[in-house]
Amino acid sequence: MFYELNDEQNSFRKKVREIYEREVSPLVEEYERKETFPVQLFRILGAEHLLCLRCPKEYGGPGLDKVSECIAVEELNRICVGIGAGIMVQGGLATDPILHFGSEELKKKYLSPAVRGEKIGAFALTEPDAGSDASGIRTTALKQGKGYRLNGLKTFITNGTICDFVTVAAYTDPARRGTGINLFVVERDDPGFSVIKKLRKLGNHSSDTAELAFDDCYVPKERMLGEEEGGGLGQLEETLKSGRLTYGARSTGVGQAAFEAILSYAKKTRRQGQPLSKSQAIRFILAEMAMSIEAMRYMTYRGAWLFDQGLASMKDASIVKLFCSESVQSIVQKTMTIQKNSGLRMDNPVQRFLCDGRLSKIPEGTSEIQHLVIAAGLGL
Amino acid sequence: MDFQLSDEQKDVQRAAREFAQGEFDPDLALELDQSGKPPESLWKKAAQLGFIGIHYPEEFGGQGMGLFESVLTIEAFCSADSGIGSALSMVDIGAEVILKFGSKDQKERFVIPLAKGAKRMSIAFAESEDGQDLSSLSTVSERRGNEYFLCGEKRFVLNATLADWFVTLCKEPKEGWITLIVERDREGINIHPIEKMGLRMIPFGDLDFREVRVDIENRIGNGGEGMAHVHHCHQVMGLRSAAQALGTAQGAFDRAMGHAKQRIQFGKKLSQFQAIRHKLADMAVDIEVARWLTYKSATEYDQGKMDSKFLSITQLEAGRTLVRVVDEALQIFGGYGYIAEQAIEHYFRDAWAIRVELGTEEEEKDAIAKIMFGPDSIKK
Numbered sequence: 001m002f003y004e005l006n007d008e009q010n011s012f013r014k015k016v017r018e019i020y021e022r023e024v025s026p027l028v029e030e031y032e033r034k035e036t037f038p039v040q041l042f043r044i045l046g047a048e049h050l051l052c053l054r055c056p057k058e059y060g061g062p063g064l065d066k067v068s069e070c071i072a073v074e075e076l077n078r079i080c081v082g083i084g085a086g087i088m089v090q091g092g093l094a095t096d097p098i099l100h101f102g103s104e105e106l107k108k109k110y111l112s113p114a115v116r117g118e119k120i121g122a123f124a125l126t127e128p129d130a131g132s133d134a135s136g137i138r139t140t141a142l143k144q145g146k147g148y149r150l151n152g153l154k155t156f157i158t159n160g161t162i163c164d165f166v167t168v169a170a171y172t173d174p175a176r177r178g179t180g181i182n183l184f185v186v187e188r189d190d191p192g193f194s195v196i197k198k199l200r201k202l203g204n205h206s207s208d209t210a211e212l213a214f215d216d217c218y219v220p221k222e223r224m225l226g227e228e229e230g231g232g233l234g235q236l237e238e239t240l241k242s243g244r245l246t247y248g249a250r251s252t253g254v255g256q257a258a259f260e261a262i263l264s265y266a267k268k269t270r271r272q273g274q275p276l277s278k279s280q281a282i283r284f285i286l287a288e289m290a291m292s293i294e295a296m297r298y299m300t301y302r303g304a305w306l307f308d309q310g311l312a313s314m315k316d317a318s319i320v321k322l323f324c325s326e327s328v329q330s331i332v333q334k335t336m337t338i339q340k341n342s343g344l345r346m347d348n349p350v351q352r353f354l355c356d357g358r359l360s361k362i363p364e365g366t367s368e369i370q371h372l373v374i375a376a377g378l379g380l
Numbered sequence: 381m382d383f384q385l386s387d388e389q390k391d392v393q394r395a396a397r398e399f400a401q402g403e404f405d406p407d408l409a410l411e412l413d414q415s416g417k418p419p420e421s422l423w424k425k426a427a428q429l430g431f432i433g434i435h436y437p438e439e440f441g442g443q444g445m446g447l448f449e450s451v452l453t454i455e456a457f458c459s460a461d462s463g464i465g466s467a468l469s470m471v472d473i474g475a476e477v478i479l480k481f482g483s484k485d486q487k488e489r490f491v492i493p494l495a496k497g498a499k500r501m502s503i504a505f506a507e508s509e510d511g512q513d514l515s516s517l518s519t520v521s522e523r524r525g526n527e528y529f530l531c532g533e534k535r536f537v538l539n540a541t542l543a544d545w546f547v548t549l550c551k552e553p554k555e556g557w558i559t560l561i562v563e564r565d566r567e568g569i570n571i572h573p574i575e576k577m578g579l580r581m582i583p584f585g586d587l588d589f590r591e592v593r594v595d596i597e598n599r600i601g602n603g604g605e606g607m608a609h610v611h612h613c614h615q616v617m618g619l620r621s622a623a624q625a626l627g628t629a630q631g632a633f634d635r636a637m638g639h640a641k642q643r644i645q646f647g648k649k650l651s652q653f654q655a656i657r658h659k660l661a662d663m664a665v666d667i668e669v670a671r672w673l674t675y676k677s678a679t680e681y682d683q684g685k686m687d688s689k690f691l692s693i694t695q696l697e698a699g700r701t702l703v704r705v706v707d708e709a710l711q712i713f714g715g716y717g718y719i720a721e722q723a724i725e726h727y728f729r730d731a732w733a734i735r736v737e738l739g740t741e742e743e744e745k746d747a748i749a750k751i752m753f754g755p756d757s758i759k760k
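From first to last, the protein sequence lines stand for chains A and B.
Counting from 1, one number per residue, gives the positions in the first sequence under the working numbering.
Counting from 381, one number per residue, gives the positions in the second sequence under the working numbering.
Among the hints, a few may not be true.
Ranges of calculated distance between the beta carbons of each label pair, as one might list FRET restraints [claimed, not checked]:
#1 B:Gly638 to A:Gly379: 49 to 59 Å
#2 A:Ile196 to B:Lys649: 23 to 33 Å
#3 A:Gly234 to B:Lys649: 26 to 36 Å
#4 A:Ala175 to B:Lys649: 23 to 33 Å
#5 B:Lys390 to A:Leu263: 33 to 43 Å
#6 A:Leu263 to B:Asp382: 14 to 24 Å
#7 B:Asp387 to A:Ala295: 37 to 47 Å
Note that these hints are calculated values from the structure, not bench results.
Since this is a predicted model, take the numbers as computed values, not measurements.
Even for Gly, the Cβ is constructed at its ideal location relative to N, Cα and C.
Only chain A is shown next, with the shape it has when bound in the complex:
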């Protein structure tokens, strides 16, 4: 039974917090305002061995487990959810499929530079008409000569404008709905690949989100993940499972940041002549926030531990994502309302916590999709 982080994990938390506070915190305001990702962070965090945490040592990665990754994700998102998005994709959706299904050559070619932060990765599944319904994608990769020609449009792609390579899902056999999909690694300079536009968002301003186009984009067969045509969505199972657990840590991180902000606000603010912290209603709210964060954190770590043991089902991962992404909403919302007008100020991070935290209910399966997955996992 797993109840507490061990000494090694606790000192890892301490170490990453220190690094993030030193390297990331000073960038947040500027890059949130500019609505761009601080790309220099890739090399900085690469040098600190804090990219692609689960990537094995043989490809240059730190070879850590999912629990450690969740600790790091929680700490980074406590500082900035937007920056956390770009770093998360680098070590998750963009590189996980290469690690699990790519050839030795692809792993050497893409993982090692990704780990060092020399190359930035993205992942492209979602399309304008296919979000929740991933098998509804229309991008095709039709065989031609010694490779495939990709055609289609992808949207909401994190690291879209700054990526050096993107792992793309496309139909090699459009007639086989759901099963005729493969994953390909497309490089930034491949002819036919282009960034259509950068998207402005409610929150996560420092994360880079774009719409990408593949217009007769030729990719050699060696850059397809796996030998056989088909099975691409199945290859994503483990990646999505891991990603949903990561969302538990992301929600916990931003929840923690909001909680710390409102706790100190309640302690130092006086209202109607008395300290805000003496209001019974406020004390109840803070007590409930503390309870939610504990529950979120331990659900996430339990899920991550199960994942490390090879025991986590998709249902387990969806439970973590749904619970955490829903629980964080009331934390960021109440943090906002209690501060009244001052909560609306752009120079007060609580408005950022609200808009950043709001994202959690959408990517890697909306809350509605998580309900469906859990229900299916119940044998319904």
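Use these hints to put chain B onto chain A, whose structure you have.
This is chain B only, laid out in the frame that chain A set:
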């Protein structure tokens, strides 16, 4: 008891809807939200059509209708666009104080230009960091002959950089609490703009008064009445904010309905999924409750029998509805809801700004309980 709108009210509602739906261009709304500029030409048009000051007496430029008709207008405006609608609803904050307590001369000098769309008015009451607490105020206006000399700082003033006049709460050592109409271009006024996350067409700012000279003719009513002026103004603003909340919730709902009818995932329209249908049913229930509470409060106000407890109930429920409905609407849009190209993105930010205007849930509950248990019931 009659729950029908009169023919005249139906005409007002229809005219407001036609104007808003015809003139509030979605691209213009996005552009103004992004640049933080007010909807100048729409403000002039709204005034020409008699929507600004619809509830002022005819002799002071209004249409001689009630606050109920003003509520119908605001609701229609905000459902067409939360940002433009709110901006047009907040060009004459404080006019109520002059209408109820001011002299005929003041009504002619100040109220008529508001109705014409020539001038804007706002209020400067609070000085606390949250912009709402009135328990500790230090703005002083010392009377010397026929002039007051105003010194102090006011926080989070709506339309700080746009309003021509501020109804300002201050204390005169001998006269007690008073309100003065202060012209923005007076010497000694400094305005510090504040960037905020929602309702960006209505700029916030802190006002700094240093020995600002105000003519005695600009004092509203009598000495010692200041807090009564504030109370009256807050009641009217509470009602109008409830109407903004109602309209904004309705606008988000309408957009979510439109999206659900047209978006196809898994081969079905979203509107064919039970979970989505039930979400929209819940939203419809919430909106109806908020609507009838708001209409009842407005009717009571116009009949001169405003019930403070009922107004607090209205504000509390309108705020809850607003946040729940807009949040669910964004969720129905999924990833698109998070992107600034969709109106729902600024509806979300605007909803939180309106939510703050309505006061915190805790304060509304305090107000309701105080009336239920009696004013001194909490003391030992």
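Tested hints:
no., hint, result
1, B:Gly638 to A:Gly379: 49 to 59 Å, "36 Å, violated"
2, A:Ile196 to B:Lys649: 23 to 33 Å, "27 Å, holds"
3, A:Gly234 to B:Lys649: 26 to 36 Å, "28 Å, holds"
4, A:Ala175 to B:Lys649: 23 to 33 Å, "24 Å, holds"
5, B:Lys390 to A:Leu263: 33 to 43 Å, "51 Å, violated"
6, A:Leu263 to B:Asp382: 14 to 24 Å, "50 Å, violated"
7, B:Asp387 to A:Ala295: 37 to 47 Å, "56 Å, violated"
Of the numbered hints stated above, those contradicted by the structure are hints 1, 5, 6, 7, listed in ascending order.
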